[in-house]
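Can you build the whole structure from these sequences, using the hints too?
Take the sequence shown: its letter number 19 is residue 19 in the working numbering, and every next letter is one higher.
Keep in mind that the hints were calculated from the coordinates and are not lab data.
Pairs of lysine-lysine, DSSO-like flavour, derived with a Cα cap of 30 Å:
hint : residue 1 : residue 2
1    : K57       : K6
2    : K29       : K11
3    : K6        : K41
4    : K41       : K11
5    : K57       : K36
6    : K36       : K11
Being a predicted model, the structure only gives us computed values, none of them experimental.
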Amino acid sequence: MIILTKLNGEKTVINSRQIEHIDEIPESKVTMMNGKYYIVKESMEEIIEKEIQFNQKVLERMCRTE
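Here you go:
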């Protein structure tokens, strides 16, 4: 799950594993696998970096429990 910022400044949490694709229009339009989408302030690169950080945290937690 990653936290993104809507255009009105509201924070939203999305399941980043459900992202189908991201378009820059110039804001970022994050389209989910179910067809719904979010328009957010973060750039495509920032969203990708948040996803990478999330995945690293998941892997770290998995390694600690093994």
